[in-house]
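Undergrad: Protein sequence lines correspond, in order, to chains A and B.
Under the numbering used here, the first sequence has 414 at position 414, and the numbering climbs by one with no breaks.
Under the numbering used here, the second sequence has 42 at position 42, and the numbering climbs by one with no breaks.
Don't take each hint at face value.
Claimed, not checked - A few chain A residues facing chain B, derived, Cβ under 8 Å: (1) M341; (2) P343; (3) H362; (4) H364; (5) V394; (6) Y424.
Stated by the list, open to error - Short, incomplete list of chain A residues facing chain B, as computed with Cβ under 10 Å: (7) I361; (8) S379; (9) A395.
Hints in this document: simulated from the structure, not taken from any laboratory.
Just so it is clear, CB atoms sit at the ideal spot from N, CA and C, and this is done for glycine as well.
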Amino acid sequence: MLSPLQIKKDFPIFERLGPDYSYLDNAATSQKPYSVIRAMEEFYELHNSNVHRGIYRLSEEATNLYEKSREKVSDFINSKDSRQIVFVRNTTEAINLLSYTLGRELKKDDEILITILEHHSNIVPWQFLSEKGVKLRYVMLNPDMTLDMDDLQRKLTKKTRIVSIAQSSNVLGTISDVKEIGKIAHENGSTFVVDAAQSVPHMPVDATDIDADFLAFSGHKMLGPTGIGVLYGKYDLLDRMPPFMGGGEMISAVYQDHSTYADVPQKYEAGTPNIEGAVGLSSAVDYLRALGMDQVREHEKDLIEYTLKKEEEHNVPDLISYGPRNTEVRSGVYCFNIGEMSPLNINDLAHEEGVQMSQAIHPHDVSEMLDDGNVAVRSGHHCAMPLAEFLNVVATSRASYYIYNTREDVDRLFNVLVKVVKKYGR
Amino acid sequence: MDHYRNPHNYGIVQNAASKIIEYNPVCGDTIQITIRVENGKISDAKFIGRGCSISQASASILTDMVKGMPLEEAKNIDEDKYIKSLGITLGPSREKCALLAVNALKKCIKDYQKGEESK
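Extracted from the complex, chain A is given alone in its bound form (with noise of 0.2 Å):
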């Protein structure tokens, strides 16, 4: 079992926060340790220069941290071969390269199939290919909070280009059978893309296992920085693929009127790189590495099944609670209501003499009132409208866990919940 407290020691942002404060924004962003901090202190203290130029040692040194940090991270996923990282600035950013180099090769009518619990980071992108004609559908839910396997199968058509699925997701903590999804999409000859910005700070997640063509996450989910994220990719894909951005860095030689190019992973890195970030990540990667990450899974599993216990127990008046009651298939998010509060409808409006009130408090209050609490928790759509229009609300309360949340941070969530209904309770 991890120790939460003995963690904490190893940020020194909690030093500032006090032992009373529950960060509970850990979906958005964790907070960083001091060996990441230090890590890219020191980049700058005593190795800074570009990589891959200069013929001289202290570049040398740049590069070759840039590069073991590669090398850490294509470990760290299993990648089996470092070639297959290439780093980008985030998960979105992954995915909109890939939205560019593989939509090229689509045509009209194509289909792409995503999930209705996307981040829109795996919608956005994609809806760009739509003046081409692509069409997007979307997997359905099941009760559960599950993905319907059945929409699945019968939303696969031979027109499926690309299937792009989150392995967990930010809102409903749904975390999917990735390995037989891969497998559902490789039978049918398509690209199989897993969105891991959620998975891979939070759980054990093998790229080569999970057989994914390609897999994006964010480093300042997992400890390290903000500016700096991972695509793996198979390497016959990057290097059959065309380049996403030109520039320097990403060329082999460039003439008047062409250029060659770079080999993979360079190819898709132009510009000079976010090399402390690479540090930092690195870094970042250690320290999981140390707690080890069916350690930290079993941790959040702990908590979240802390919470649904105490959910239950706490019997919060009008509390609603989202996401698959199997932690088996459920990661450390909690998002939650007090009270529905659906969205307006237009077209009642126009109508109707009137719509009632909503008895419901709405997030943002609920959010705001747990901050006076010392509660840090997210409200809003999260970055996935389309799941809260499936789900009919306006918007959710959203706690979300890692390595140094306790039960006593679970505690501290419900007794200032029960403050807030007694306040906003209409």
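Chain A is fixed; fit chain B onto it per the hints.
TA: Frame of chain A, contents of chain B only:
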């Protein structure tokens, strides 16, 4: 708090001169404002909405405030002064909640005036 629990002017003005729906894209808060205009003044204003306590209470206060107000005055409501007049301190993100109704009202008046001009 009182305006949130028991909002004033909740509903739709009959035969409204102008109607506008305004959204806050950040949180999905929605306000519909309807107004009636007589002699260049707002003779009635009502709202329907979904949103947080700040956005809904603000709509309640605003619709109270503008009844009988000349259109030109209502069009030029100063945002900073309005927020001060609410008597609560708001962070920058919550100020947007409070101003949702103000923006809706201003658009409502603009729509009305555009309609009048084209008559």
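Undergrad: All the hints need checking, so say for each whether the structure fits it.
TA: Consistency of the hints with the structure:
1. M341: holds, 6 Å
2. P343: Where the cut-off is 8 Å and the nearest Cβ of chain B is about 7 Å from A:P343, the hint holds.
3. H362: holds, 4 Å
4. H364: holds, 4 Å
5. V394: Check passed: Cβ of A:V394 comes within 5 Å of chain B, closer than 8 Å.
6. Y424: holds, 7 Å
7. I361: Hint on A:I361: holds, closest Cβ of chain B at ~8 Å, below 10 Å.
8. S379: The hint holds - A:S379 has a Cβ within 10 Å of chain B, the shortest such distance being about 7 Å.
9. A395: holds, 6 Å
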